[in-house]
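Fit chain B to the known structure of chain A by using the hints.
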Amino acid sequence: MTDYEVRIGGERCNPAAGWTLVWDDRAQGIARLVSGTASVPVVVEGNSSDWVVTLNGRRIGVSVLTRRERLLADAASVERTHAGPTIVKATLPGLIVTVAVEVGDEVAEGATLLTIEAMKMQNEVRAPRAGKVIEVTVAAGQVVATGASLFRLE
Amino acid sequence: MSPPPPFGRLLIANRGEIAIRIIRACRELGISPIAVHSDADGEALHVRAADQSERIGPAAAAESYLSIEAVIDAARRSGVEAVHPGYGFLSENPAFARAVEDAGLVFVGPSAAVLEALGNKLAARRSAAEAGVPIVPGTTVALGDDPEPVEAIGFPVMLKAAAGGGGRGMRRVDAAKELRPAMDSARREALAAFGDGTIYVERMIAPARHVEVQLLGDRHGSLAILGERDCSVQRRHQKLVEESPSPAVSPTLRTALFESSRRVAAAVDFHNAATVEFLIDVEGNHYFLEMNTRLQVEHGVTELVTGLDIVAWQIRVAAGEALTADVLEASSRGHAIEFRLYAENPYDDFRPTAGRVTAWRMPDGPGVRVDAGVDRGTELRPEYDPLLAKVLVHAGDRPAALARMRRALDETRVGGLETDAGFLRWLVDDSAFASGDYDTSLIASRWVNGPVLTDEEAALASAAAVAARMGATTERPEAVPEAESDWGKQARREALRR
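Heads up: the protein sequence lines correspond to chains A and B, in order.
Going by this note's numbering, the letters in the first sequence line up with residues 115 to 268, in that order.
Going by this note's numbering, the letters in the second sequence line up with residues 381 to 878, in that order.
Excised from the complex, chain A in its bound form (with noise of 0.2 angstroms):
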């Protein structure tokens, strides 16, 4: 059996031993992991190595990586922590409300970037680290999809 190593947010998990996990609509995604008379309701979702497992109706993003895609995965980790600029996504679709900075301005974690209208709710996008805004590709009254480029940080 391959050596699977699987992460939870970053962080290594080991699985829970002696589960067997028993599909009851495969197409659904809809299954039970059993282990002896236990029985636990979860839906799973995903393929390759990303996978995404409902448990007591919370949803847990489970990286599966073999040995090459763990080095694989490294290596990416490491470009994003040291070099290169950050694109910053649309995580929703909505209509962009206002724009709160400009190309040039040097902006701290976490600082509000922009906002959306999505579902009546206004929801703010933040800076995922702190850098140099170089590019900004929206403006405000624009629609966007999910996983439009908003910005660019340096």
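Treat the hints as calculated values from the structure; they're not laboratory data.
Errors might be hidden in some of the hints.
Keeping only pairs whose Cα atoms sit at most 25 angstroms apart, straight-line, the calculated SDA-like set for lysine to any residue is [claimed, not checked]: (1) A/K203 / B/A420; (2) A/K203 / B/E759; (3) A/K203 / A/S263; (4) A/K203 / B/P732; (5) A/K203 / A/D164; (6) A/K203 / B/R761; (7) A/K203 / B/Y727.
Chain A regions said to be covered by chain B (calculated; three or more residues, Cβ under 8 angstroms) [what the hints assert, rightly or not]: (8) 140-147; (9) 152-158; (10) 165-175; (11) 201-208.
Using N, Cα and C, we set each Cβ at its ideal position, and we do this for glycine too.
Showing chain B alone in chain A's frame:
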């Protein structure tokens, strides 16, 4: 033999779960239900459930579900006799009620004049006070730039929009120095949301319970008071959970709430369904908040304990029927609870999410009712309310209802997007909620952003993901050929031999 239907055809000027709820009532009454849809909803569940659906415009609500002109056009085209507005959208808009009547159709709701009188929260406060109903201490006139009336009440206070609803234009202010910016932002938000920046101030009642009384009135002067609902579990001043009866309401308080509700309703020429909302402080004093003259999201809770069909009665009353004795004398039996399943992330301030529903299985069985607006494959749109479904349970008493809700939540499976299911599952076992002794601060003080993931949960999730990956990999994992056991080799040899 069933009585003749109140109407031949009825237009449902709404979408999602409430449109489906109204369609069901129509079917049971023998009415042909006609839906409306924006371009985003052509294949939506409510469209598929209706006999016919009229397109009313592009995805943006302002150009479709909120467009009086487009909805009236659809009503004319489809030849309906009545229009049910549901909740939200145009349901409390007096101009819409008037436009429906001007088109020669029946509006399933109170008259435009009543909507006008009660839609302004400040006017409703004045009218309640005049009727001798206790209101939250504060101003009964619009707040100007002078902070003096606010300071006279004493901090903390709540600023509220006169045209308000849905928690918008609402600000809690704890100290004098925060007042000015809060007044400015409350006005701005109210102006943007309602086109009216008028605000007023109320003393902050905390801790408080939020309890509402369900009313049903006919056009002949009869008024039924159908018990109360406790709506104290809220985020952003919006309800997530409702139950009836309220664990905080004694028989004495119940009598007082019903009397106050009767007085508020009597002050206007009210008919159809409405809810009178109150805050209750720790001493058991009640204060009028507002009267909502429409069907409430949480009407099902009252339907479960009374056995009445409130939506069907709205339609029958609109057609001129009188309330019958079984409505006017309805009593409450057992305990009902509603949990709202929203596309929101409870671990991130209940921020709305979007996406496609990839897994969808709702609970059923004894005492469980689900009013859902989506199904598997539904793409959730950012333009509309993120309510996915309401899970309701009914049982003999509150502990049995909680056990039933826990069971129902364990049967519920949703995949593809973030929901508040994790919060709801936590809530059912929370000691404050389970005891019934909770208030409107429950989420802010006890949930915050949820408990941290336990090691056990992480280990189980990991086990599930690893098993799924191993099963889902089309290529055999690299190490398997070398590591294959003798049993495996033997099995394959056996298989080849056949």
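- Message: For a quick check of understanding: which of the numbered hints are violated here, in increasing order?
- Response: Of the numbered hints given earlier, the structure breaks none, since each of them holds.
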